[in-house]
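S.K.: Knowing the structure of chain A, use the given hints to seat chains B, C and D on it.
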Amino acid sequence: MSAHTTDNGYKEMARLAIEKHGTSPDALIPILLEVNQEYGYIPVKALTEIKKHLNAPVGDRLIQEGHLFSLASFYHMLSLKARGRHIVLFCESAPCHVTGGRAVWQALQEQLSLSAGETSPDGKWSLVTTSCLGACGVGPVVVIDEDMYGNVTPERLPEILSRYE
Amino acid sequence: MMEVKVINKRALVLVSDDSESRRLGSQELLQALRTEIDRCGLANEVDLNTIVDVGAKNLLPLVIIYPEAVVYGPVHPADAGRIVKEHLSQGRVIEEMIVPKHQLTGRIAWLAARSGALPAAQRIVLERAGRIDPESIEDYIIYDGYQALTKALTQMTPAQVIEELTISGLQGRGGAGFPTGKKWEIVASTSGSKKYVICNADESEPGTYKDRVILESDPHSIVEAMALAAYAIGADEGFIYIRGEYQLAQQRFQKAIEQAQALGLLGEHILGTDFSFHLHIHSGAGAYVCGEETALIESIEGKRGEPRSRPPYPTTHGLWGCPTLVNNVETLANVPPILRRSGEWYKKFGTPSSPGTKVYTIFGNVNLTGVFEVPMGITLREAISIYAKGMKNGAAFKLAQTGGSSGSLIPASLQDTPLDFAATRKAGVSLGSGALLIADENTCVVDLVKVLLNFFRFESCGKCTPCRIGTQRSYEILTRITQGQAELDALDELLKLADQMVRLSNCGLGQTAAVPIRDMLKHFRTEVEAHIQLGVCPTGVCPMRVEAPAAEEMQPLASA
Amino acid sequence: MITLKIDGKTVEVPENTTVLRAAEAAGITIPTLCDHPDLTPYGGCRLCVVEVKGYRLPMASCALPVSQDMEVITENPALAEARRGILELLLSDYYDQGYEDGLGGSNELLHWAEHYHIDLEQAMAKQPRYRVDSDPNPFVWVDMNKCILCTRCIRACADVQGRFVWSLAARGAHTQVVAGAGTTMLDARCESCGACVAYCPTGALNNKMSLHLGAADRKVTTTCTYCGVGCQLELNVKDDKVIRVTSNSDAAVNGMRLCVKGRYGYDFIHHPDRLTQPQVRKYLLDGTPRPPGRGEWVTVDWDTALDLTAAKLSACRDIYGSNSLGILCSAKCLNEENYLFNKFARQVIGTNNIDHCARL
Amino acid sequence: MLIIGSNTTEQHPVFGTMIRQAVMHRGVKLVVADPRKIDITEFATLHLQLRPGTDIPLVNGLMNIILEKGWEDRDFILNRTEGFDEVRQTLEHYTPEHVAQLTGIPLEKLYEAAEILATNKPMAVMWAMGITQHIVGVNNVMDLANLQMMLGNLGVPGGGVNPLRGQNNVQGACDMGGLPNVYSGYQNVTLDASREKFEAAWGAQLSQTVGMTVTEMIPGIEEDKIHALYVLGEDPIVSDPNSSHIRKCMEECDLVILQEIFPSETSPYADILLPGASFAEKSGTFTNTERRVQMVHQAISPPGEARPDWWIIAEIARRVLAQGARQVQPAPYSGWEYENTSQIMDEVAALTPSYAGVSHARLERDPAGLHWPVKDAEHPGTPILHVGQFTRGKGHFMPVEHVPPAELPDEAYPMLLNTGRVLYHWHGGEMTRRSAGLLEIYSHAKIEINPEDARMLGLNGKRRVRVSSRRGSIEAHAWITDRVPTGMIFSNFHFPESSANELTIAALDPVAKIPEYKICAVRVEALD
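Protein chains in written order, with the numbering used here: chain A, 1 to 165; chain B, 166 to 725; chain C, 726 to 1085; chain D, 1086 to 1613.
Next comes chain A alone, as it looks inside the complex (with noise of 0.2 Å):
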């Protein structure tokens, strides 16, 4: 999350993006990915500056911002909320919830004070509901940041969170 989030920040970040993936219809999923990755989530200004270099129809289209907010609200990797510094995800899927991850989920909103979806006041955390990310085999599973944590309990919850500044 390193890009300016000024009006030539953002500026630049669309050009780059566009420079880096093109302006092919294609490119959209991609270029979000991107601006989402550099910022944690994706700026509407953003979106405005990305619209303004694809000012010509694409495929059957002229992009407009609608068209990008539609793409960014459909993907969940694509966030169109600013999110906290450290971001909780949460697996709701099957496998996680059989082996004891209802349990977690409750604690997990109780010790962070907050419901699925939300940011804490101070910025700190958000927390987040994914689905299956491919570690049933440890489940239930919670990944804070880049770390991922396997057959988590209520019980390790509060050691885990401690880590995180």
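Since the hints were derived computationally from the structure, they do not count as laboratory data. Please read all numbers here as calculations on a predicted model, not as lab measurements. From the three backbone atoms N, C-alpha and C, an ideal C-beta is built for every residue, glycine too. Keep in mind that the hints are not guaranteed to be accurate.
What the hints assert, rightly or not - What follows is a set of in silico ranges between Cβ atoms, one per label pair, in the way DEER data are often shown: (1) T215(B) x E846(C): 53 to 63 Å; (2) A116(A) x E1193(D): 50 to 60 Å; (3) E110(A) x V701(B): 25 to 35 Å; (4) E118(A) x T691(B): 54 to 64 Å.
Said to hold, decoys possible - Capping the alpha-carbon separation at 27 Å, the derived lysine-lysine pairs in DSSO-like fashion look like this: (5) K11(A) x K1547(D); (6) K1333(D) x K52(A); (7) K661(B) x K778(C); (8) K1037(C) x K1122(D); (9) K468(B) x K81(A); (10) K347(B) x K778(C); (11) K554(B) x K20(A); (12) K51(A) x K1122(D); (13) K1333(D) x K11(A); (14) K1114(D) x K52(A); (15) K1122(D) x K45(A); (16) K1122(D) x K1007(C); (17) K359(B) x K20(A); (18) K851(C) x K661(B); (19) K45(A) x K1531(D); (20) K1194(D) x K52(A).
M.R.: Chains B, C and D only, in chain A's frame:
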């Protein structure tokens, strides 16, 4: 994180125990076997269980031993010592006791078709997994890599490539089991100056991660397979749509593409021939529905992953409207071995109706979780006993769900159904992606199905009415049942919703979202009714009271 | 051409026709909500399902291309049950606050619900999910509680207007139609052409100016008064007032298309500033010299005004000659009126001093 | 397709939407030549942002390139046209380099444009006031015709020179003889045969001399040539150039009769105000820009005592004829007794060859309307002109040379003013300013100024500007936008309190007498 498990050889012994078998001494046989197993110190390696309804009376009581799938019968208590010593201890099949295959009837008739070789020797898809450096093309080449491509480009016509696949009997491993050779044939015979090959690596079925293992451990096998596919159908461009969460797989695949390009195995004039093929990675961005091939194509085209109406199918109107071949990772992984050896060779594995191997992931309330590759046609009971080393904490098996969220709920009574395309279809069970979620007696089926529907109502693309609204209404009813707020007619309503989803949805997502509901009401109706009529959750999982508002408020995204 | 059988009738249609359009050509109406002949087929609502020989499940006829020798059944008890199911599902997400909308009773969802005898009261949602009137656009009323996500508005904005204001946001049970990046319509570059309203089958998008005005007594097709394109539009009249303007697919020039002025710029007709009485300057009636600034206005009857006009014009002509008069006719008036002005200038006054604002 | 001098999506919005769809779904290649980055440019394959008033150099330059590359349609030129060699000679000075310099369009874009336009057949040219409202308006139009003849794009579907007429019935008003030089159907007043025909029909002796245009009549008041004006549904104060001069003239006019639906900026200068009917309150026909005659149907009654304009003029005509010196003889069409407009159209048809087959009854039967010429009651109409042959026989190439605009920026008035309309309003705004919703969206005049200029002018967050020309000045809100290039501002004339026509120059095209609305020199100052 997850490694490919080295599969321990363990055995599952099933003794027929219906009334006729009992009359003929099956209980005594069981006792004798248990004694012998204990005496030989094999109690931790062998699972002993019973089976009913096995057909032919003159063979009773009979004994089935997995993984060899050998059937002995009739077996007397006196034979117990020999079976344990020779077969279970020393691994020697007792030929003279084997029931001739043509005598197998009833629910074990399928065993006649089963190949008896040991699973460990039958790795096709995961042949190199864990044995080579996935980031080294040299390793891949040393282990027979790119031989199939070389052979195809230099010695075979595209038609011959397809012919070989057709002979092999390979079926799509994405879940539907469509014959791969036939699919290639259709795309090859569709006219069009531009065609595409797409590898569907948007592996999103919960619990399924076999494709990730393949891509992470043997990426070149997919590069090679896609090039073969392109050659066969006349494409010069391909996309692999890899799930966005699979960062390592994407990195390794990217590296594989670059290495292959550097060696002239991708790009223009591959191996000096007229054949050119360009391969791109397209990252998913988090949408289960993009596993549906037309949604995946829409997604590559920079749109929301909304499945298209079919027909026309991608084979004729796919990416950018061009004929497009879409195959799953596992399917493609089978292609180079088939072409390197032969279709006939491949057909020797698995069952006649479903040749080859299948890669499964197994997890849930079992002792050992992981990935394993076995011939088509093992039973669920085998998978749990042998590969997952039994149920965790000795709890009783209650149900399995195959194939991720969209799969079937398999009750204990169907544990002995062989897992191949034909047999599962016949039993009304979907084999799906090869995920095996094993749940024990502490699992509440209503709670589980509620979780599944919660998944679907968010993963539905929202395009068609039955899926978008049907999943939501079903979820609401299930929630009411877990809260003790439902009346009995809720079950009729659930069935009606399930029927609408199955019959009227635009794509497989809406259709399969109904499967768990139907299976629940088919196999576990008593348990569901207990929630409603007695006001109790038999497993004690459901709250049986209103904890939170049943339907969440939906906030418009618009600021307005 | 492709030949197929629909409900036993042999139908011949061009390739790539959808089954729904082919049925229409054969005079068979298949219920639909998301389909419209002007728009790209979508296949979302599933109301139009039919049975097709060779297919296990019902197929959405709006998105299914015809094929040679296809056999289609468009209605039977099973299909009727399926449609009832779809309508019930849609209604379970449809909340009506109870106001009289601006469409004048052309709600297609309710039409089909009544057709299939659905108990609306029971089927409709009991709670709103969105704010009613959620967009400040002065012409388009937005009540997403009535939205059935048929996406006709989105496709109308794309396929007809080419503006791409509307799109779908989120997915699954949370799918909704939003303007731009979740902004207001105008911020999403809406041109207020009203195409989305014209295509909306439920009134989720509605004519704000026509709310509570009810159904029209009659619709009068006429030609738009603004630019030179000559769009055909329908003036919806009630109690001798224009209460709404609608468009019609049959219009040769414009079809369903209209611009903001054509569809919504009609309220000047009833503006209180309208001149309703002939007026003349008082000095003319008094026969006194013209005061500076021409003095005050007096309202008179037609005879007075016309006689005075005629007298003054003849006097001017007789005193200064025919060419001392200038006649400006109008590019806003009828051909017939312009012809009469041309005749008036040349025959009655005797001058060729006639022109209009073509140059301006 | 070439769009030049037309802000299509705002001025002819429905055509605009069709062009957008053609680009997206039919793959039409669109070249837009306009000094401003108007909305349709986002659909353009190429936008040629030419300097205002350099249309002729641009078109000549494109033709120069077309000849250089051998893209011209030699068969068409040979068989269907004449005068090509003279044009070829003229074009020689318009080298791409020279044209690039004159127009400010980069050389490579000129080549690209020429290639797109010449190699995509058929190619249509669309233009509007941006072409005609110049002192060289007629030459502009002729040059576009040259281009299309050179490419063989005339008389074919999807080709042609397609003017987009400004007002709803400009075409009809012209067709009906609302011009100083022609009777209905463009029958020339100076041609004896025409005049005699109408004299016989109307039973009166008719003037042989061409009359005055609107742009001559009003200044004619000052020169004592005009003493009375009878104005139907027009607001010269707002819509004519150089408003302050117009006011002065109107002030002096002895008699002004105004027939209108609203009090206007002109009504203070009127002596008699006659309330007319709006389009919803009368029946008859309009003729659109495609020459398509379509029905207008009465939907409601006129308010109060208001009456349809045809009724009013007929009443006046009868009364004028009843008194005074001028006499009319009995003749087939000398009378003014009309019960409805259908009877009037029958008279038009009888006297106007191009409308001969038009009748209300026929239009009611075929709501798609009729494209004139409609030669008789059976003739189907003529959607495409010049198929196979031009009206005059062979198409004539007219060599056209560049003439700079009448007034260009100088030290005192350093910026260039371009004028036009916006989507939400119409002409003088008489109707649209009385539509609550339209006014809500676009409530006051906005002057478009380039951000760079805004910075130079020290606008710096300030909202309002004063714009002055040699003829007047207005104050309005500034809209800082890169729609306009530096050195140019754009203003509309929908709002009388800040109408661009206070500033515009009444320099006229010598032939068409159209004022040069599109270009004049102004000075811009930031306010408060």
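S.K.: Go through the numbered hints given earlier and state which of them the structure violates, listing their numbers in rising order.
M.R.: Per hint list: 4, 6, 8, 11, 13 and 16 violated.
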